[in-house]
Amino acid sequence: MNFHAIRAIYKFEMSRTRRTLLQSIVSPVLSTSLYFVVFGSAIGSRITDIDGVTYGAFIVPGLIMLSTLTTSISNASFAIYFPKFTGTIYELLSAPVSYFEIVVSYVGAAATKSLILGLLILGTAHFFVPLKIAHPVWMLTFLVLTAVTFSLFGFMIGIWADGFEKLQMVPLLIVTPLTFLGGSFYSIHMLPPFWQKVTLFNPVVYLISAFRWSFFERADVNVGISLAMTFGFLLLCMAALRWIFKTGYRLKA
Amino acid sequence: MLSVSNLSKVYASGFQALKRVNLEIRRGEIFALLGPNGAGKTTLIGIVCGVVTATEGRVVVDGHDNVRDYRAARAKIGLVPQELTTDAFESVWNAVSFSRGLFGKPPNPAHIETILKQLSLWDKKDNKIMTLSGGMKRRLLIAKALSHEPEILFLDEPTAGVDVELRRDMWELVRSLRDKGVTIILTTHYIEEAEEMADRIGVISRGEIILVEDKREIIRKLGRKQLTLHLQGKVDRLPESLAGYRLEIAPGGAELVYTYDSQSESGGIPALLRDLHEAGIEFKDLNTDQSSLEEIFVSLVREKR
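Those protein sequence lines, which keep their order, are chains P and S.
If you use this note's numbering, the first sequence closes out at 235, no skipped numbers anywhere.
If you use this note's numbering, the second sequence closes out at 839, no skipped numbers anywhere.
Heads up, a few of these hints could be off.
Taking lysine to aspartate or glutamate and the EDC-like style, the derived pairs with C-alpha atoms no more than 16 Å apart in a straight line are [said to hold, decoys possible]:
1. P/K66 to S/D621
2. S/K749 to S/E563
3. S/K749 to S/E730
4. S/K639 to P/E83
5. P/K(-7) to S/D621
6. P/K66 to S/E617
Treat the hints as calculated values from the structure; they're not laboratory data.
Quick caveat, the model's predicted, so the values are computed rather than measured.
Please model the entire structure based on the sequences and the hints provided.
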């Protein structure tokens, strides 16, 4: 194991976050606060409780997931896309590091950032609505799992992308709709029966449902199934990345 | 130190950049790889360093296969790429420290300080890379490549777009590295550079190594010598007695040019001079020319086409 390399990449990535603090941390926190003001306090006060939880509190797990998901993807995809774009990737490819070490350090850094962000949003939410977390350990577990899984996913997008447009495309056209339709702002039981079935094809439903369960002990989908689906997606990303590195896809000529 | 055998590369576009290349680099030498644009120099370096995958063939770095045993192989190599690819926002110090870590070496500020001082980058250590000039960025790339104390250093066109003074400094640096036992492989467009620096020279053209030889040996073997005689009068044709020599009358008739092969050191010059005297051709001055590496190179590459 080349621990010095893991440390170097991780440190490098974290210092990039510090340099872009405003963009990486402050702006998502600000936009989430706006969600709370609009949906939590202003409109939320006119919406009846869902499963015995006030609407303002109900959307907290969904909002945290929304930010964690999107920032995991954008952090990790940018981290590997940018060296490809500037050409500095030559150094990574010529270094005595294994693919595993590359993934661990880049994905580790991206997941750390989105984890910090998720917790910051949780803290922010606390200002707006009274919150009680029923299963803090599970809450953290799901948050870490999500951050890691979607950082892996983002890392793949970063490798696949050959232009800034593609880098934006997947998060914008696929992930954001999936998250909004994944029950961030509603319980899937509120949907008509047909759409309740369709929505089960959306992987984000499982993440949000389980995460919300860790707060309020209420879930749209069985927690065990959620956990299995999350792990399934994690393994899928790992397998895809393994293939990418084995073939040198989009990395090596 | 480095052994390349049967190395071929066909890019996805179908372009064959390397055709079964074989090359042996000796420990501690400065090897210059010369070739026109698109000859395969950068591809060859890319494969050795792990940036490009070979289609077939094998690379062994100091006994380590660069695919199976890539860790040991790559740890020995430092690469200075042709393009000035740097992170814009990182500081010089951080960028060089990052490279050292990436290559698996524990932090060593003293070593990095030495390198930065050697490359006149010390007073820029806290500057962001984007504020550096082109020549400084080039030196930064060299500093990054040297940060992990490599045993082999690849310099891909190290002096492209570098001013004369800096080029001299760089040659000086390369020599001092060689004196410390680092093996150096450089590619260059400037034949003058290879002539100045290299111990051995390889010529690559269209993906094939067409020649590998000691520098002096190349010049000796392939170089031609010319003797030019500035005559006292003019001649319009050569007497019969001189027909046996490769003599030409220069346009105007005031000079005679004698071409001889440098391997026979004297090239029969005394005999020629005697015969000239007997034929009544007198000269007032003479000079000899030896073809430079550049001329040899151009004729080699042209012959191949």
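Results of checking the hints against the structure:
1. Between P/K66 and S/D621, the direct Cα distance comes to roughly 11 Å. Compliance with the 16 Å bound is thereby established for this hinted pair.
2. Restraint check for S/K749 and S/E563: satisfied, since their Cα atoms lie roughly 12 Å apart, inside the 16 Å limit.
3. In summary, the hint linking S/K749 to S/E730 is supported, as the alpha carbons are separated by about 10 Å, within the 16 Å threshold.
4. At roughly 15 Å between alpha-carbon atoms, S/K639 and P/E83 fall within 16 Å of each other, so this suggested pair holds.
5. For the suggested pair P/K(-7) and S/D621, the alpha carbons sit about 15 Å apart, so the restraint of at most 16 Å is met.
6. This hinted pair checks out: P/K66 and S/E617 have alpha carbons roughly 13 Å apart, not beyond 16 Å.
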